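J.: Respectively, the protein sequence lines represent chains A and B. First residue of the first sequence: 1, per this note's numbering; consecutive thereafter. First residue of the second sequence: 243, per this note's numbering; consecutive thereafter.
Rather than coming from a laboratory, the hints here were simulated on the basis of the structure. Hints are not guaranteed to be accurate.
Calculated pairs, DSS-like style, for lysine-lysine (alpha carbon to alpha carbon, straight line, at most 27 Å) [claimed, not checked]:
1) K80(A) / K369(B)
2) K80(A) / K447(B)
3) K84(A) / K65(A)
4) K84(A) / K232(A)
5) K5(A) / K65(A)
6) K245(B) / K84(A)
7) K36(A) / K77(A)
8) K369(B) / K447(B)
9) K182(A) / K232(A)
10) K77(A) / K369(B)
11) K80(A) / K65(A)
12) K34(A) / K80(A)
Derived Cβ-Cβ restraints for the label pairs, each shown as a range [claimed, not checked]:
13) K77(A) / P413(B): 50 to 56 Å
14) P568(B) / E117(A): 42 to 48 Å
15) V270(B) / Y138(A): 45 to 51 Å
16) P546(B) / K77(A): 43 to 49 Å
17) E137(A) / T404(B): 38 to 44 Å
Heads up, incomplete: computed chain B residues facing chain A, CB under 10 Å, no partners named [as the list claims (entries may be wrong)]:
18) K453
19) D463
20) V467
21) G469
22) V510
This one's a predicted model, so the numbers in the text were calculated from it and none came from an experiment. Cβ atoms here follow ideal geometry from the backbone N, Cα and C, with glycine treated the same way.
Residue-level listing of the chains:
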Amino acid sequence: MALHKDEIALDVQDLHKHFGGIKAVDGCSLQFPKGKISGLIGPNGSGKTTTFNLLTGVTAPDSGKILYNGENLAGLKPYKIFRKGITRTFQITRIYREMTTFENMLSVAGLSIPEREVRQRAEELMDFVNLTGLRDEYGGNLSYGQQKLLEFSRALMTDPDLILLDEPAAGVNRTLLVELLKHIHELQEQGKTIIIVEHDMNVIMNHCEKIFVMDYGVKIAEGLPEEIQANKQVIEAYFGHT
Amino acid sequence: MEKSEVRSIYLLAGFLVFAYALPFAVGVWTDSIFYDRQWLADLATVALSGLMQGGVYAMFAVGLTLIFGVMRVINVAHGELVVLGAYLTWVMFNMPEWLGIDVYVDPLLSMVVSLPLAFLLGYGIQKLLLNAVVGGPELTPLLITFGIGISLVNIVEWIFTTDYHTIPYEPDAIHLTASIAVGKNKVISFGMAFLISMSVYIFLKVARLGKAIRATAQNADVAMVCGINIYSIYMITFGLGAALAAAGGTLVSIQFGFNPETGLQYTVVAFAIIILGGRGNFIGALIGALMLGVIENLIAFMVPNGSAMVEIAAYGLMICTLLIRPRGLMGAKEG
Numbered sequence: 001m002a003l004h005k006d007e008i009a010l011d012v013q014d015l016h017k018h019f020g021g022i023k024a025v026d027g028c029s030l031q032f033p034k035g036k037i038s039g040l041i042g043p044n045g046s047g048k049t050t051t052f053n054l055l056t057g058v059t060a061p062d063s064g065k066i067l068y069n070g071e072n073l074a075g076l077k078p079y080k081i082f083r084k085g086i087t088r089t090f091q092i093t094r095i096y097r098e099m100t101t102f103e104n105m106l107s108v109a110g111l112s113i114p115e116r117e118v119r120q121r122a123e124e125l126m127d128f129v130n131l132t133g134l135r136d137e138y139g140g141n142l143s144y145g146q147q148k149l150l151e152f153s154r155a156l157m158t159d160p161d162l163i164l165l166d167e168p169a170a171g172v173n174r175t176l177l178v179e180l181l182k183h184i185h186e187l188q189e190q191g192k193t194i195i196i197v198e199h200d201m202n203v204i205m206n207h208c209e210k211i212f213v214m215d216y217g218v219k220i221a222e223g224l225p226e227e228i229q230a231n232k233q234v235i236e237a238y239f240g241h242t
Numbered sequence: 243m244e245k246s247e248v249r250s251i252y253l254l255a256g257f258l259v260f261a262y263a264l265p266f267a268v269g270v271w272t273d274s275i276f277y278d279r280q281w282l283a284d285l286a287t288v289a290l291s292g293l294m295q296g297g298v299y300a301m302f303a304v305g306l307t308l309i310f311g312v313m314r315v316i317n318v319a320h321g322e323l324v325v326l327g328a329y330l331t332w333v334m335f336n337m338p339e340w341l342g343i344d345v346y347v348d349p350l351l352s353m354v355v356s357l358p359l360a361f362l363l364g365y366g367i368q369k370l371l372l373n374a375v376v377g378g379p380e381l382t383p384l385l386i387t388f389g390i391g392i393s394l395v396n397i398v399e400w401i402f403t404t405d406y407h408t409i410p411y412e413p414d415a416i417h418l419t420a421s422i423a424v425g426k427n428k429v430i431s432f433g434m435a436f437l438i439s440m441s442v443y444i445f446l447k448v449a450r451l452g453k454a455i456r457a458t459a460q461n462a463d464v465a466m467v468c469g470i471n472i473y474s475i476y477m478i479t480f481g482l483g484a485a486l487a488a489a490g491g492t493l494v495s496i497q498f499g500f501n502p503e504t505g506l507q508y509t510v511v512a513f514a515i516i517i518l519g520g521r522g523n524f525i526g527a528l529i530g531a532l533m534l535g536v537i538e539n540l541i542a543f544m545v546p547n548g549s550a551m552v553e554i555a556a557y558g559l560m561i562c563t564l565l566i567r568p569r570g571l572m573g574a575k576e577g
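If we strip away everything but chain A, and leave its shape as in the complex, we get (with noise of 0.2 Å):
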């Protein structure tokens, strides 16, 4: 069922990638539903990631647009669409390893707000994934899970609107990821609208209310977690012709 245009809060139309002769992303469409948690999943190279880097500006698409809140972000540089309230984790942490877990919040920029309540929101958050503790120590020193809390909580230093999580539960223990899946929620409860891409279906599967399924470049299958279950076309795509 397609949905209203105040019920999306992403809307990419026709997005073109190509790497030399592979195409990464090949005109794929996708619309994410705003308030909601949804999964972007698809076998290893099916171009989650590039995705990821094109909705974020990390990658300029070749083609394509990205409307959010009805501009087209298409091309735009990673901190101007950071600033517009749109932020991401990556597959691999990426943290300031020589940078304390607290510098490390604060390194973000382009807040509207004055310093002393940048430093009490950077507290505020890393109490709220459990990091008070490890204030002072180097983000080098920190564990993979630590690091992927920091990273999260980063993220969420702007108060962002939409959240790109890629690959959350990867590395990270279960105790973690319970706890990590419960910030999650939280947001969503906050009306935030998260997008996560994951290999983890017990992750897609029991967390996200839309799911969306790519294979060589290109969207195959979007619907709810039973729908994609039993969407013959996706197992093809996870398992081969059977």
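Since the structure of chain A is provided, determine the placement of chain B on it from the hints.
T.: Coordinates of chain B only, in the frame set by chain A:
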């Protein structure tokens, strides 16, 4: 720490001990060392002067290391920016006299004008010439800065000729004891260099913009997705580097003569320092600068005809550090 890491740092430390012992060995060999009170006092004076000179070297080394650390740009025009700072100081020093007013503008005061000017020049160079090539092959920005350096030398020569200029400023000596003395201008330069370097260090540590510069240095891609406009950070960084170089130029100008060609010498000095201290590392640059200042003075003092050999110190330290421990004393491991 890995075993090879420990080995390389010990090797570098060993080399530095050897480097410092060498002037003494040459002195013993050539009978220019005397074990009397006067000689020891002279040695103390020389070492102290070296330390003071190192402080000034730190000014431009810090600028160079900042530019490299943030953008991976090898700025071979850095020495020319130092000389430009010296000329700006000289112009402002003499300006009132040219206008028929019988006063001199204090060189330190002239920084109020020369530093913002140098900042704007650096900012403009980055915006117009370097922003487009940062992040690509390292050779491209290097060649661009090489071109900028040559252009600066020629412009300065065209305006001021190749004559040497000096600024007579506080030539008296401060006597610490009856026989240990150090030039007042050197002490002032050192104090100023210390003040400016520390201000920059604190700015990088504490200020939001400073944090953004450090963040960009650590990972420009992440900085961008955290809302940092890295291109404006690049412009500010180059501006800051140029201003630091110009500040170094002012401090150099009140101690030594300079002409448009002097820049190369300071480029080499700055490179030797940041290679020894570790490219991109602020504290490394400070330590490297002090070490080079001292060793240069020791050579000039103990090696016969040593003044002519001083430049070897910079080249020698640079080459040997690259061979023994390419990342220097405190630089991050590359690759």
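J.: Compare the structure with each hint and give your call.
T.: Hint by hint, here is what the structure shows:
no., hint, in the structure
1, K80(A) / K369(B), "holds, 18 Å"
2, K80(A) / K447(B), "holds, 25 Å"
3, K84(A) / K65(A), "holds, 16 Å"
4, K84(A) / K232(A), "violated, 38 Å"
5, K5(A) / K65(A), "holds, 15 Å"
6, K245(B) / K84(A), "violated, 48 Å"
7, K36(A) / K77(A), "holds, 26 Å"
8, K369(B) / K447(B), "holds, 25 Å"
9, K182(A) / K232(A), "violated, 31 Å"
10, K77(A) / K369(B), "holds, 17 Å"
11, K80(A) / K65(A), "holds, 16 Å"
12, K34(A) / K80(A), "holds, 21 Å"
13, K77(A) / P413(B): 50 to 56 Å, "holds, 53 Å"
14, P568(B) / E117(A): 42 to 48 Å, "holds, 44 Å"
15, V270(B) / Y138(A): 45 to 51 Å, "holds, 46 Å"
16, P546(B) / K77(A): 43 to 49 Å, "violated, 60 Å"
17, E137(A) / T404(B): 38 to 44 Å, "violated, 56 Å"
18, K453, "holds, 5 Å"
19, D463, "holds, 7 Å"
20, V467, "holds, 5 Å"
21, G469, "holds, 4 Å"
22, V510, "violated, 29 Å"
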